[in-house]
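The primary structure of each chain is shown beneath.
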Amino acid sequence: MPLSLYYFLSITAVNILMSWALYVPYRVTQLHFITIANMMISGYLAGYLVLHAHVPFVWALLIGFAVGGIIGFIVSLFIGDAPTFSVVIVGFTSIYITRTLVENLPIIGGTMGMFGLPNIGGNPVAHRWIILCILYGLVILCGFLIYRFDHSSIGRAASAVFVDKELASSLGIDIKKLGMLLQTFSCMLAGGVGVLYGFIYRSFHLDFFSFALIGVFMTVLFVGGYSTQWGPLITAPILYGLPLFFPPEIQSWRIVIYGLLLILVLELKPEGFITRKFVHSLGLSFSQKRGKEIYIKEDRQ
Amino acid sequence: MKRLVAALLLIIAAVSFGFSQTKVVVDEWKIPFLNCLTGPIAAIGEFLQWGANYAANEINAAGGIAGKPVRVIPVDTGNDPQKGSVEMARIVKDSLVAMGPVPEPVILAAMPIAVENQMMSITATTSYEYAVQFFPWTVSWFPPTLDRLPPLVAGWAKQFSDLKQVVQFIEPYGPWPGMADAHSKALTSLNIKELKAIEVPTDAVTFGPLVVRALDQKPDGIILVCNAEKAAKIIKELKSRGWTKMNHILVFSSADDAQLYSTGGADLNGVQVYNYLNLEVSNPRWDKFKAAFAKDHNGQMPFSLSPNYYDALYMIKEAIEKTGVTGDPKKLKEERKKIADYCANVKGFKGLLYEWDMKDGVPTNKPSYIFEIQNGVKQFVLEVRP
Amino acid sequence: MQVFIAQILNGLSIGSVYMLLATAFNLLLLVAMIIHFSYPQVVVFCMYIIWLVLKITNNNVFFGILAGVSSAILFNIVSAPLFQKIMKNREEVDINATMVLSMAIGWIITDVLSHAFNNGLPIQFPEEITGSKPLFRVGLISILPGQVLALTIGIIVVAGFFLLLYKTKTGRAFRAIAEDPAGAKLVGIPLVKTGFQSYALSGALGGLTAVLLIMLFHSASPGLGEQVSHKVLAVSIVAGLGNLVGGLVVGLALGILEALVQGYISGNWSNAIAFVVMLVVILVKPRGLFGVKI
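As they're listed, the protein sequences go chains A, B and C. Residues 1 to 301, numbered by our numbering, are exactly what the first sequence covers, in order. Residues 302 to 687, numbered by our numbering, are exactly what the second sequence covers, in order. Residues 688 to 981, numbered by our numbering, are exactly what the third sequence covers, in order.
Hints listed in this document are in silico derivations from the structure and should not be mistaken for laboratory results. Glycine is no exception: its CB is placed at the ideal position from the N, C-alpha and C atoms. Be aware that one or more of the hints could be misleading.
Said to hold, decoys possible - Stretch-level coverage of chain A by chain B, calculated; a stretch enters the list once three of its residues show a Cβ under 8 Å from a Cβ in chain B:
# : segment
1 : 105 to 117
2 : 191 to 202
Stated by the list, open to error - Here chain A is said to cover these stretches of chain C; the calculated rule only asks that three of the stretch's residues, wherever they fall, bring their Cβ under 8 Å from a Cβ of chain A:
# : segment
3 : 749 to 760
4 : 882 to 893
5 : 916 to 929
6 : 966 to 980
Here chain A stands alone, though its shape is the one from the complex (with noise of 0.2 Å):
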């Protein structure tokens, strides 16, 4: 496989993912930024335990999963119900404290960073193809989850919460615990991601995870459509792909050109791209074209 596409895709993975980490929390209007701090603490976590206590990479990948769990979980104890703004601060909270903490940990690289780990499978080819079946397998694994979560109770609980809170709650639906488990499980997400983030480039640094991920990630949500899960597995490709494509001269200016487009989207199409509305119509169009396929065959019979 072609080197640029293998990072073209595996970038694409986690962004993909990240922006499923916002969506699902995002569900009961919760901005949940402290998945930047997850996947940097899991991250830099599993990186020192396969680079200096010798464990293996699924291990610290699992355990990085269930560290961001767990930080999730004890955080969502306290602001499971929070208000929006609150979660936001948590979140910038999360992610200086967070910094703090690894520019001043020299057994973790601190400022300079933490590299040479090792590639997974004994060889940079076999390590690649690892990292990018385990980012597409999650892709599809949390991409089911997701969608299981979307077409059940909870999800219904979760957009009446959207639409309205006191309603929602005069209803019956424990908005607490629903937060709750929806930021567990963005964190346990951001967790795992993190350390396969790392793992692409094989090396840990501080401005891997610097506030302008928020930025990227928002963009995906909020261009592909925060209502669905489709629409950042859709618009993280074009996002991040497109700019690739551009001359130098017009890449200068990409930032510039993700803030316009971003703009264009919020006004005209605030909802993203891909909205429930489309979804159900393009579901709805599919079910009766088979719907007339069916009738043919029987007519035809």
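Based on the hints, put chains B and C in the right spot on chain A.
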């Protein structure tokens, strides 16, 4: 007679084969340069790009590399490791050699790709401690920090007999804390007491509390290990709180860039700085470079890293010509190795300002300097050679 | 003791920055129901306009200030419809959509500044506008004119806007349009004229803030707005969204906290400690210390 003819034919064949071996097959040498042309250090990226482009124009005016023109292809990675890795992955497919990346997060993300594909990418702005991770597929432009910096700081400190205790302002970024440790080594060797270091937060916008804390310790000297803009603001703050011995302030090399001067202005007068670029040196190439830089940058003089990629491109030129690289895609792997091996142990490389040698990827005899800033111009104080 | 006083004064100086930006942020929230996460970037943009005009007019301070205030008003008026369109069908402030929109505006501003002004290098302001000579200096204690002006004007502005918005008919009209345009129209408030006035007012404050920041910092860089925007948002949320007095108190308190942490504990940990304190406050009082006012 037959033997003579056979021998002659053999010689002719060998010579022809030799010629065909060294015959350049490219129409143009394309050298990608992964650089930071957008983002927080875009201004520095522009200076580096300018140096590389200037070198390319100069080389082409003099006949190119092995008779073929060279083109530096700018590849903007911003400060984005994601972009850096994708761009490097694209470049390693068929590039002979590359320059960059800049800065450290992108180096960390992208250089393993160059290493894996055994392609040299010259990282001419980072410290030895970063570059050494990727040997032999890059070279370090600087000797190890612990060897390089102590003599400089010692040179600075020895100027002042009243320098008994020094405080460092240290920003936690990349190799800078390591550089501060190297400064400490020098101070310790001179029995100068190092006071409690002042940590400079990366997003600090005002520096009053930090300066008060530093001055409360009653230092005789101050070393600034933070980015250029912060260094300038700290100096202004020091002045506003009564600091007068400006030459007892030493700014480290990474802060010696255009941002220092544009922010500090006349408040920098008297401050000393250490670096590798001596504007007072005069030679035809360097004088032309300075004049051209000033013309394109509103009279501004080149800052410390400006010639690095100028020199890097010339080093690549020398490597290609001296090792007989042809640019033949079929010999890509072998020719990449030739270039890397040559650069790692080049002898008497004629850089823009001075000649130096490389031993196993590390420069062995590059000079460093201490300057004093007066009206935005660095005046030579001291040269330090390893 | 001298050091402690010096640090408190430093803290008030830092706090003035947060207070000014939080006030401008809250004002925009009160008159237009916009959570402009990147308002600090807009203010930095105005600082650059002032710098440009000072260069062109040979450091004419009057024209510089006029240009700064005008550019802020113009920016507000031009960007207002973008936010309004999103808010059209919402009944209350939608932090998410307006926050994302303002983030996008912030990115654009930062990138344009780093491309198009002074080759992306920081800009320095002349002595005529910065007043860099200390008014008072004893030992480590130093008070610059900009610090005094920023704090004094900031307090006056907060008091003034508080009175305007809560004690005058015009202020009530501004708030009515922000909260319920249809209702405001019904009671006879001229929407266009009053809306324009409200944006102009918040723009004027933005421009004034830019001038005061110039006097505090003496320089600016493209990334300056980003560096403070998280804290400004945090200050506003901890104080209580839309709470002008709260923003003043919390802004100054945060400044003092930061100064004391940097001065006595550690520079590296100042952000983390400041945010932890704010986090604890938010967890205990989710609607802010002084209550939400929107």
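To see whether the hints hold, each was checked on the structure:
no. : hint       : result
1   : 105 to 117 : holds (count 6)
2   : 191 to 202 : holds (count 3)
3   : 749 to 760 : violated (count 0)
4   : 882 to 893 : violated (count 0)
5   : 916 to 929 : holds (count 6)
6   : 966 to 980 : holds (count 5)
Consistency note: the structure conflicts with the earlier hints numbered 3, 4.
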